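A.B. asks: These protein sequences, in sequence, are chains H and P.
Note that numbering that gives the first Met the number 0 gives residue 46 to position 47 of the first sequence, counting from 1, and the numbers run on in steps of one.
Note that numbering that gives the first Met the number 0 gives residue 223 to position 224 of the second sequence, counting from 1, and the numbers run on in steps of one.
Treat the hints with caution; some may be incorrect.
Said to hold, decoys possible - Part of the chain P face toward chain H, derived, beta carbon under 10 Å:
1) LYS42
2) ALA60
3) SER63
4) PRO78
5) MET94
6) MET96
7) LEU115
8) PHE118
9) ALA163
10) ALA167
11) PRO169
12) PRO181
13) TRP189
14) ALA200
15) VAL206
16) ALA223
Said to hold, decoys possible - Derived CB-CB ranges, DEER-like:
17) P:ARG242 to H:VAL17: 39 to 45 Å
18) H:LEU90 to P:GLY233: 21 to 27 Å
19) P:TRP237 to H:SER4: 41 to 47 Å
Hint data in this document are derived by calculation from the structure and do not stem from the laboratory.
Quick caveat, the model's predicted, so the values are computed rather than measured.
Note that CB positions come from ideal geometry on N, CA and C, so glycine has one too.
As a plain string of letters, each chain reads:
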Amino acid sequence: MSYFSNGAWWWPYLFILVAGFAATDVWRFLGVYLGGKLSEDSDLLVLVRTMATALVAGVIGNLIVFPGGALAHTSFALRIAAAALGFAVYLAWGKRMIAGIATAELLLLAGLYLNF
Amino acid sequence: MSTWTSDVTVPRSTWFLRGVRAAYSLPGLILISSFIGFAALAKDAGVTVTQAAFMVGAVWALPSMVVLVGAIVSGAALPAAMFAVTLSAIRLMPMVMALMPEMRAGKTRQWVLYVLAHFVAVTSWVLAMERLKRVPPDMRTTYYAGLGGTLVTTNMIVVTVVYAVADALPSAISAALLMLTPMYFLTSLWGSARERAGHMAMILGLVLGPVFHIVLPQIDLLVAGLIGGTAAYGWHLWRRKARVA
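Use the sequences and the hints to build the structure in full.
C.D. replies: Spelled out as structure tokens, the structure:
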């Protein structure tokens, strides 16, 4: 039942349709349907948002701690340092995403160049 | 008062093209860079280029796509993957709910809204909430179709191009591309949090994700989301009570 468990050509597409398309558009359709009926500040929506945020943050954590491909050949300390300093610059620079992303990328590349 | 009254005579096609142009703004360009990162991620996971382009068009929400690829990598079964993506996509509902009153005009047909809702994701939403006010009400769906449609097709092309050139890139560049996605989300997620509980949920998730990746590899994201989200919500309630008392 996993993505690569079935050799048929259509299986990955079905997987994406069910686990990707249906799983996201159900919320979009509900949003159109409910538009204006539910208050955005209701407690239920706060819980829903914190769960979704924690889940996506979990993905970010995994991408930094257990990366794949070429990033897996970099050291753990370098990745953490690049991400943490990039995030600090983002906060210090009035939440400018560009500043945070560029800082992290430059640090990572500098670290790789210096063989950290 | 209204800035668009002078534009009433502008034809519909012009509003569509103005929507297209809005896609090539700074948020749109940042989004492209994060799709470059996503393509590197998907390729690394063993997803083929057609599957990846299909994923961009069919899912069109980067956090959910990254969760989906994460589930694919960890070998999750279809129901577990679906559950994790469903949980990650809940945030789309309040976003769509907030956008609908902006977009609806007197005679807007309901099915048009359902179709356009598919384009809702962080970037197009931020751009639309900011710019729809300056579009005449009965041109708003047209404008948003131009904006959303352009963002989706552009990034499908971006993903295809990255797949084609990825193997030729030096490994330092590949590593830097793979770093784009976590950095994009680290900053955009923090910035888009509506309440302090969102920041708490984010910090908890950052730690719990890797912890459960070791303890419960196949359902790590789900557990991190449920536990981290509930704890952050509990903290939110506790703080509110403490403030009232």
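A.B. asks: Each hint needs a verdict: does it hold in this structure or not?
C.D. replies: Do the hints match the structure? See the list:
no.	hint	in the structure
1	LYS42	holds, 8 Å
2	ALA60	holds, 5 Å
3	SER63	holds, 5 Å
4	PRO78	holds, 7 Å
5	MET94	holds, 7 Å
6	MET96	holds, 5 Å
7	LEU115	holds, 9 Å
8	PHE118	holds, 9 Å
9	ALA163	violated, 16 Å
10	ALA167	violated, 13 Å
11	PRO169	holds, 9 Å
12	PRO181	holds, 4 Å
13	TRP189	holds, 8 Å
14	ALA200	holds, 4 Å
15	VAL206	holds, 7 Å
16	ALA223	holds, 3 Å
17	P:ARG242 to H:VAL17: 39 to 45 Å	holds, 43 Å
18	H:LEU90 to P:GLY233: 21 to 27 Å	holds, 25 Å
19	P:TRP237 to H:SER4: 41 to 47 Å	holds, 44 Å
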